[in-house]
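A.B. asks: The residues making up each chain are set out below.
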Amino acid sequence: MNHCEGCNGCKIDEKLEKIAKKYKNVEGGIISALHEVQDTYGYISSTAQKYLSKELNVPMSEIYGIITFYSRFSLVPKGKYNIQVCMGTACYVKGSEKVLNRFKEKLGIKEGETTSDGKFSIESVRCIGACGLAPAIVINEEVYGKMDEKKVDELIEKYSKM
Amino acid sequence: MDIEKLNKIKDEYSKIIQKKRIMVCSGTGCTSSKSDVLLKNIQDKLEKDGIKNITAHKTGCFGFCAKGPIVVIDPDEIFYELVKPEDANDIVEAVINNKVVERLLVKENEKYVEKWHKLNFYSKQERIALKNCGKINPEKIEEYIALDGYQALYKALHMSRDEVIDVILNSGIRGRGGAGFPTGKKWKFAKEAKGDVKYVCCNADEGDPGAFMDRSILEGDPNAVLEAMAIAGYAIGAKQGYIYVRAEYPIAVKRLNIAIEQAKKLGLLGKNIFGKKFDFNIELRLGAGAFVCGEETALMNSIEGKRGEPRPRPPFPAVKGLFGKPTLLNNVETYANIPNIILKGANWYKSIGTKTSTGTKVFALGGNITNVGLVEVPMGTTLREIVYDIGGGIPEGKKFKAAQMGGPSGGCVPAKYLDVPIDYDSLNEIGAMMGSGGLIVMDDSKCMVDIAKFFLEFTVDESCGKCPPCRIGTKRMLEILTRITEGKGKDGDIEKLERLASNIKKASLCGLGQTAPNPVLSTLKYFRDEYEAHIYHKKCPAGVCKALTQVHIDEEKCKKCGICAKNCPVGAIEGQVGKVTFKINQDKCIKCGVCITKCPFKAISK
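Chains A and B supply the protein sequences, listed in that same order.
Oh and the first sequence: position 60 is 60 in our numbering, straight run, nothing missing.
Oh and the second sequence: position 550 is 1550 in our numbering, straight run, nothing missing.
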């Protein structure tokens, strides 16, 4: 564990150090670095932003601009199980809105929010390309197709126990 | 790598791929229906039984996604549908005994069909971009080589750069990503641009909702894209290529990485390819969930590590693109056609399709259609052939209302144009566009105002915010559409929508804004009566817009059974079982429609 030599001397763990090192000299590498941070930690903390800013020599304002521009990046931690409901056209005409509403109703949270126990978060996402399985959702990396309200209840039960 | 070595691999693996092989679809669709477990079960069974002369492999998308997971037994091309992991034993036994598992075959007109090319779904298709999908293991470059892989690159490297570009120009191929700009011209501009450093980019940021052909090509035949990019690199004089691929496509990303590694190892990427003075490398860059990055200048900003905002054009990317250098950008499907064109020649390609739109186009069929999936047809095929002959028509006895083509930039094609040949120009004429090839079929239960609103919500959400006509204009349009669907539409709203649409189209900076109003304009053109019904009669003819819908119980049909009241989630139905006919309290009703589905006497309707 090292300390960032920037503003507050925040603690930097090895994984973050490794990511910064990997993209330090890659032209336009900041987005790739942010991808790895997002995948590793589930969000991009202000510490990570400051550290990458210093190491990759990209201003904080730009990093913040990038994170808020792209929907894949998040400034706050997502739930242990991130539920992505596909809202592509094929899924929409097959009733993805009902599926999304059921998740919201059952978990008592809105899109972009995380349940108080940190277990679930919901997002509506653009076409995931699984149109053959419409309406489709993704929980973490797992795709579930041909969804309906009953399946929503079953999935919530399944993941609640995990 | 030299040609002798390439041919040696080709010979060796052509023999291997002609052996008895069990090919399991491992595209995203089938994988999420557990085809990975199925493949493992098959492999385990083969190992357990000590069988060496039959092997099982993953392969790319067969396109018939509605029937997934799909298994094909090569070289007999026996096609199994809806295969479950527990079917593994039966399949292996059948292959050993040269039999078929009848219950897993597709049934058409009461008859079982064995071979996949005999299925109605494939009968009118011609697979060029998808030619290797379903035939080879995409994680093995040698199998790609077995089917003439990298021969086109060898051939191109022994032609002059102008000759290569001439073949592409003469083939007449146009960009498969949306606008349909002639690919050869793009290559020519990029070659003629001055600069010592140039780049070749591949747009794999397939963002149009309802389109998944690029994903399937990358998952099923990643080497075709690498080979085409290398050919392009040679033609325009570039040493470096970038593939900008959506992070939402993890399987495609993984297979691209494998393909790049294997190509490097064999010397098909890297320095002095085929002993020529030609170096070429390819790097991946992941998109991060911004639709606008499918626009070429926004995509380049994103590769450069910036916000994906479009740049004004000119200067065009061919002159000043990635990192300020001349850049060639094509999409995945366009590239997938290139090796074939180089190998078989421009005249062969021109003989397919129509005069101004040559070749084939892959469409992602989705929505209210029986055979959901990926189809590749010659340009000029009619919508009717795609929807009815290939797609199997509309399920549940409903009627075709419209097909949405070209995603959020495109438009709706109504039933009266079912016989228009599908090519770039015919579609433009009727107010739709080819786009990337998403083809969403809608039945008569869909409200076109609601669909227009859906697309506007999409563009409002995805507008990058750089230019006001798009940022503010689409928002105003959405507000008007929302109020129309909520029953608050006013006289003059349609005209306002048209005025806004025309201004946004003229004044927006990039393709996203310039095409954003299209779904509204095309639904206004063909379904104006629905807008008018919403605004002037406060009715939604399709019964989709909740604020404009009332659920009624037909007093004469009601048998006073009370099932509706029991199932109503908000207690909005009142009456007495066996005594008083039931009525819906409209103030309480949330129009969920549960009562309609539960009533055994069909007495309730919207």
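For the record, the hints were derived by calculation from the structure and aren't laboratory data.
Using N, Cα and C, we set each Cβ at its ideal position, and we do this for glycine too.
Do not rely on the hints blindly, as some may be mistaken.
[Said to hold, decoys possible] Where chain A lies over chain B, by a calculated footprint (3+ residues, C-beta under 8 Å):
# : region
1 : 1149 to 1159
2 : 1200 to 1208
3 : 1211 to 1223
4 : 1366 to 1372
5 : 1433 to 1443
[Said to hold, decoys possible] Computed footprint of chain A on chain B; a stretch qualifies when at least three of its residues, placed anywhere within it, have a C-beta under 8 Å from a C-beta of chain A:
# : region
6 : 1056 to 1068
7 : 1466 to 1475
A.B. asks: None of the hints should be skipped; say for each whether it holds.
C.D. replies: Going through the hints against the structure:
With 0 residues having a Cβ less than 8 Å from any Cβ of chain A, the region 1149 to 1159 of chain B misses the three-residue criterion, and the hint is violated. Check on the region 1200 to 1208 of chain B: 3 of its residues sit with their Cβ under 8 Å from a Cβ of chain A, so the three-residue criterion for coverage holds. Only when three residues or more bring their CB closer than 8 Å to a CB of chain A does the claim for the region 1211 to 1223 of chain B stand; here the count is 3, and the claim holds. Look at the region 1366 to 1372 of chain B against chain A: 4 of its residues bring a Cβ nearer than 8 Å to a Cβ of that chain, three or more, so the hint holds.
For the region 1433 to 1443 of chain B, the stated coverage by chain A holds: 3 residues have a C-beta nearer than 8 Å to a C-beta of that chain, and at least 3 were required. Coverage of the region 1056 to 1068 of chain B by chain A holds in this model, with 3 residues showing a Cβ closer than 8 Å to a Cβ of that chain against a need of three. Counting residues of the region 1466 to 1475 of chain B whose beta carbon lies closer than 8 Å to any beta carbon of chain A gives 0, which falls below the threshold of three, so the coverage claim is violated.
Of the numbered hints stated above, those contradicted by the structure are hints 1 and 7, listed in ascending order.
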